[in-house]
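K.L.:
Sequence:
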Amino acid sequence: MKVLVIGNGGREHAIAWKLLQSSKVQQVICVPGNGGTASTPRCMNLAMNVLDFEGIARFALVNGVELIVVGPEAPLAAGVTDYLQKQGLRVFGPTRLGAQIEASKAWAKALMQEATIPTAEAVVFTQASPAISYVRQQGAPIVIKADGLAAGKGVTVAETVEAAEAAIADVFGGKFGEAGERVVIEECLTGEEVSVLALTDGLTIRPLVPAQDHKRIGEGDTGANTGGMGAYAPAPIATPALIERIQQEILEPAIATLRKRNIDYRGVLYAGLMITPNGSPKVIEFNCRFGDPETQVVLPLLETPLHELLLACVEQKLESLPAIEWKAGAAACVVLAAGGYPDSYPKGNTITGIDQAEEQGAFVFHAGTQRRGQNLVTDGGRVLGVTALGENFETAIANAYAAIAPIHFDGMYYRRDIGHRVRKIKPSLNIEL
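Be aware that the sequence shown starts at 1, since it is given in this note's numbering, and climbs by one per residue.
Quick caveat, the hints were computed from the structure, so don't treat them as lab data.
Don't take each hint at face value.
[Stated by the list, open to error] Simulated crosslink set (SDA-like; lysine to any residue; CA at most 25 Å straight-line):
no., residue 1, residue 2
1, LYS260, ASP82
2, LYS2, ALA74
3, LYS215, LEU302
4, LYS86, GLU308
5, LYS86, LEU51
6, LYS424, GLU192
7, LYS424, GLU391
[To be verified] DEER-style ranges, computed between Cβ atoms:
no., residue 1, residue 2, range
8, GLU114, ALA241, 22 to 30 Å
9, GLN21, GLY64, 19 to 27 Å
10, GLU178, LYS24, 38 to 46 Å
11, ALA402, LEU46, 33 to 41 Å
12, GLY139, ALA241, 28 to 36 Å
13, GLN26, GLU187, 46 to 54 Å
14, GLY139, GLU114, 23 to 31 Å
15, ASN375, ASP221, 32 to 40 Å
16, ARG371, GLY339, 16 to 24 Å
Predicted model only: the values in this text are computed from it and were never measured.
Even glycine gets a Cβ: it sits at the ideal position worked out from N, Cα and C.
Hey, can you work out the whole structure from these sequences and the hints?
P.N.:
So, in structure tokens, the structure goes:
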């Protein structure tokens with residue numbers, strides 16, 4: 001079968017790579033793809049905008065594409081699934097209305113309240129003045145969120161009232177464009193964060209192995225929020241008993257409430273959770289797609305063919321599939337970013353050393369890269385994700401960092417403490433899902 005993957009990040013490279021491990025997948029077409037997908041056997045890039053729904057549909061119909069997988073949130077929120085389905089194409093990814101679970105934090109909060117899903121207390125504001133008054137009344141720490149899509153950078157955990165007021169001014173001052181028409185102000189939850197990516201056909205929902213992301217740019221989880229600087233899986237804090245609670249208290253109520261609203265949700269429901277000090281899971285946010293870089297540690301551990309899972313979601317046959325199978329051990333991913341990220345950064349710097357990294361057994365997933373003649377050059381803030389496996393966390397993390405050593409581009413930056421939180425929790429890899 002031919003599969004078309006929409007997107008150009010490390011997540012999409014990992015999805016294409018995993019799909020191509022099956023002999024039943026003849027070819028993967030990436031729209032627009034990146035420098036990594038361009039050089040992957042049986043994979044081709046198609047230089048087309050992810051919002052060119054008509055062009056994507058025309059190509060898919062003419063070329064016999066049997067499945068379309070949507071990677072990023074922006075085309076989902078813009079209705080790519082609705083458009084392609086009307087053309088008779090099979091799409092893995094929720095409709096425009098379903099994507100509101102990520103595209104509007106206020107919408108998602110209302111859904112959680114309706115479903116009685118545990119989450120942080122929150123208030124929505126459409127103007128700066130009452131928002132600032134509320135913050136002064138509540139005090140800090142407090143969380144300020146732009147309502148709409150902001151590439152993972154629209155959230156500020158304000159440690160002081162002054163920082164909260166500055167974040168509110170940023171949102172209403174146009175820093176996030178249309179995403180900043182409303183602000184959601186939340187209580188600040190404490191505990192351990194965990195990402196649970198779950199596959200759903202709108203009726204059944206199945207969690208994948210839990211992962212932990214590293215959002216902040218700086219070591220020790222300091223500095224600005226980013227799209228994610230690294231991850232590991234399976235997250236040991238998410239024990240089988242806790243995953244069962246998450247299934248019963250969060251995932252199933254979310255899908256049931258979407259169904260009650262007549263929203264046909266087939267794709268990934270990604271729950272960003274805080275495990276509070278008393279061991280209870282609370283939702284920080286929902287996303288409507290695979291996480292990045294969580295996908296780069298979850299998929300390398302997956303044994304079940306990915307295309308079988310995605311087709312089962314699209315065809316509403318997930319319940320009849322056998323249990324998802326996983327490799328033993330752990331996976332760790334370290335993101336290599338351009339100097340200056342998440343603010344302004346250069347592009348066009350030559351990248352070397354990837355072949356040597358892969359010779360060590362690592363998987364190098366490309367994000368902000370492109371081919372320029374014979375050279376591979378930087379083309380984004382997060383440039384590469386280096387993933388390695390190991391029999392335990394220490395081995396996986398050590399293998400990932402060892403594989404980074406030969407890689408070079410000017411200004412290359414990466415966190416040297418990916419996995420530091422796992423060392424605080426006695427690792428237990430007996431996670432069965």
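K.L.:
Indicate, hint by hint, whether the structure satisfies it.
P.N.:
How the hints compare with the structure:
1. LYS260 <-> ASP82: holds (19 Å)
2. LYS2 <-> ALA74: Given pair LYS2, ALA74 holds - Cα atoms ~23 Å apart, limit 25 Å.
3. LYS215 <-> LEU302: holds (24 Å)
4. LYS86 <-> GLU308: Holds, because 23 Å separates the two Cα atoms, which is no more than 25 Å.
5. LYS86 <-> LEU51: holds (16 Å)
6. LYS424 <-> GLU192: holds (11 Å)
7. LYS424 <-> GLU391: holds (18 Å)
8. GLU114 <-> ALA241: 22 to 30 Å: holds (27 Å)
9. GLN21 <-> GLY64: 19 to 27 Å: holds (21 Å)
10. GLU178 <-> LYS24: 38 to 46 Å: Taking Cβ atoms as reference, GLU178 and LYS24 lie about 41 Å apart, which means the hint holds.
11. ALA402 <-> LEU46: 33 to 41 Å: holds (35 Å)
12. GLY139 <-> ALA241: 28 to 36 Å: holds (35 Å)
13. GLN26 <-> GLU187: 46 to 54 Å: 50 Å Cβ-Cβ, so the 46 to 54 Å window holds.
14. GLY139 <-> GLU114: 23 to 31 Å: With Cβ atoms ~29 Å apart, the hint holds.
15. ASN375 <-> ASP221: 32 to 40 Å: holds (35 Å)
16. ARG371 <-> GLY339: 16 to 24 Å: holds (22 Å)
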